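Asks: Put together the whole structure using the sequences plus the hints.
Each chain, letter by letter, is given below.
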Amino acid sequence: MRELTLDDLDDMVLGATLLGTGGGGDPYIARLMVRQAMEDFGSVQIVEPGELDPEGLVLTTAVIGAPTVIVEKVPAGTEFVTGVRALASYLGKDPVALMPIEVGGMNTLIPLATAAELGLPVIDADSMRRAFPQIEMTVFTLAGIPAAPMSVADEKGNLVVFETTSNQMAETLARTAVMQLGMANAISCYSMTAGQIAKYGIQGSMSYCVDLGRRLAAVQRGEEGSFEAFLEFAEAEVFFTGKIIDIDRRTTEGFARGTVVIEHLDDPSRTMRIEIQNELLLAFEDGEPVITTPDLICLLDLENAAPITTETLAYGQRVNVIGMPCAPEWHQPGMIELVGPAAFGYDVDYVPMKSKATSPTKGSAQ
Amino acid sequence: MTQLRIGIDVGGTNTDAVVVDQDGQVVASTKAATTPDPSDGIRAALDEVIKGVDTSLISQAMLGTTHPANAIIRRRDLERVGVLRLAAPSSLAVRPGAAWPADLHATVIGPAEIIRGGFEYDGREIAPLDEEAVRRFARQCVGQVNSIAITCAFAPASFDHELRAAELVQSEVGDELRVGLSHQVGSIGMLERENATILNAALFGVARAVVDGFHAALASHGLDVDSYLTQNDGTLMTSDEATRLPILTVGSGPTNSMRGACALAGLSDALVIDVGGTSADVGILVDGFPRESSAAVEVGGVRTNFRMPDLISIGLGGGTIVTGPAGSVVVGPDSVGYRVITEALINGGSTLTLSDISTAGGRLSGFGDPLKVEDLDPRIVEQALDWVDAQVQILSERMKASRQALPLIAVGGGSHLIPDSVPGVAEVIRPAHHSVANAFGAAIAEASGAVDRVYRYESEGREKCLDDAKQLAVDAAIRSGADPDQVRITSVVEVPMSYLPGQGCRVQVKAAGPLAATHA
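Residue numbers (my numbering), protein chains in the order written: chain F, 579 to 944; chain S, 7 to 526.
If you are wondering where the hints come from, they were derived from the structure by calculation, not from laboratory data. No experiment lies behind these values; they were computed from the predicted model shown. Ideal placement from N, C-alpha and C gives every residue a C-beta, glycine not left out. What you were told as hints is all true, and nothing was included just to trick you.
Footprint (simulated), chain F over chain S, 3 or more residues, beta carbon under 8 Å:
| # | stretch |
| --- | --- |
| 1 | 96-106 |
| 2 | 187-197 |
| 3 | 397-406 |
Replies: Right under this line is the structure:
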């Protein structure tokens, strides 16, 4: 068990922006929320699942809605508390800890603010270790763990708790409720025991996010050898270094889609194309896929190593395209169907990244 | 008979003034040092520039000034502000002023409260406005602050609660307190808009003093003319408007410089590089206006979301220090700044600067003694100039919006460093009068109006919503003094809101036009 410090928080914001792979919502507001919650209610402890009673109940909390609405309708804080309490009440049991669903983007930080208010620790694990747009896109779904019972709460006291027959239906019902509740709401779902999380969760996600951010901050400060150290830690590889020469954005079915084309700095005959659906999902060099979801594609500004989000993409930006292998826990049967290219409507095979920590994938959709 | 305009720009170092005729020709110009009280500099520049000009022909006067920006940066002359947010129960997780620097917070923010009110994305109320809380807050503020900044959730789309709250404050305390409303100041992003609204209200006193000083200077020369201030998008506000929205003048200096440079070169689409003693700023003009930054803009350490020109700055200027032997030459980022006139080798000093390199490389002449750099290792000169050229190319490419090669206009005291040709740039232009580009930019500014709103296409239809936004922008431009017959829409941007299955869309429209000739 260790206390989260304000320095950790800064590194976590940077790490979360990187793990957002271009999306996941701006962690800025979430960071302000955590600071205020720590001022008002005290510090937050980060725990390993093994430090808790294996039968103890762990609940998740996250913000759901549209990023463009969240910047206008800032959370109250109470919606997350209400959502967690409602689910605990439905289950007839009090939680011993909270957990993020998504370490990547703003939802990395939301559980910290809620945990400070509830006086609970936050468990050092999650179910994505990157950003994904839908509730069912988790390693828990692969393990057969239901997202429901699930709560959706607003800041006024409106609240639903529901059961579903699939995690896809949990996503559908939650989105439907959110439409009526103002598009910036709280969810709590994937109720599990600490023992289950030790077995099925992605371990050490919060610490990983802080460590990743700390190493990237060193790169931004220009420390010698820091970029190599960052790449080694993330098991990442620079796939391409170039200049953005084309951006095409379009919004369909509520998702921000787009294509970015990058021309190589040293060899203009080489180009990389990146496909976007909220997050950066696929990277092609000369038509061949080289990085594919669920592995992570991150764009770093060549000058200052700032992660570039899909909203801030601009013509002429000089970038490093970094490929990072997804968390090893993803590599199990069903991964490709759930979060591979085809899950986002692309007729492209998953291309595993070469990584020491990644065992060869047995994808059943090949 | 020809009409003349005066443009004055108060910068950090210099106060420039020009008199321009209706064809855009410079009739007179002057450059003087900015004074501790900028009004003195304005008066002095005005005295100088109208010597020999028939003042009866002058019909308009435009001022671009750093007063408000400096007031924020130096935390001087700022007024205390009461902060009222209409959004509860939403937004309680982040209090007003949450990420402000402590000293600015202590100087500016008085009583602050989040009360019930505000709107959802679909136009429904988050809660009915708590009118009693508004009245109570207004009474509480009397004697503690000069004004109240009011921000309501989703005000860019629905601002009835802001208007009602302003009415209530007025009826409760009359003229004891001024009111600033967020929908007039900023766009989407409530916390940033609230910050901008608070800073704006804190500047009410500064703005009044600037406008009064400007009017007094004009009156002392018997100039009974229409007066305007330039805002950061390169267009004008009437003096009256500037006293209500002074925050919009912050950042007008670089904009005036870019627009002035382009107009002096006779262009409307170009890259502009302004090279000073310490740094170079690069920006881009599209259809005569600077492209705006998409990133959050900080003013005095406070995150805001108002419109600012998209500029990239690097440490490259006439005073930039060059060190190291041939083979490992290091340029900058340190600079001797304005002391280049004594510290550079060519001026008898002992520091190798880019001005020395430029002289030795044949780019600069008539500044100092070239014999003093005669013995400089040519490899050092070449390597330093290679670095400069590479930086200029990189900056130009980062600024461009497409592959199309644009002209690059070089202005400022250090512009001699810019090479005559840059890869990816159509041509390098060094216009006449470039040293007073800022004041010229102010003199030629147009009146404009802008709208940034969230519309819901499913209820009214897209065409009707866009027409509404365009009409609002045109009306706003005419209110700002644009000639109703010559107003045009200069940009329309639609940003569909992601994850919103309905047809919520953020619409940004701008209109601009030349000033109506009022003394015709």
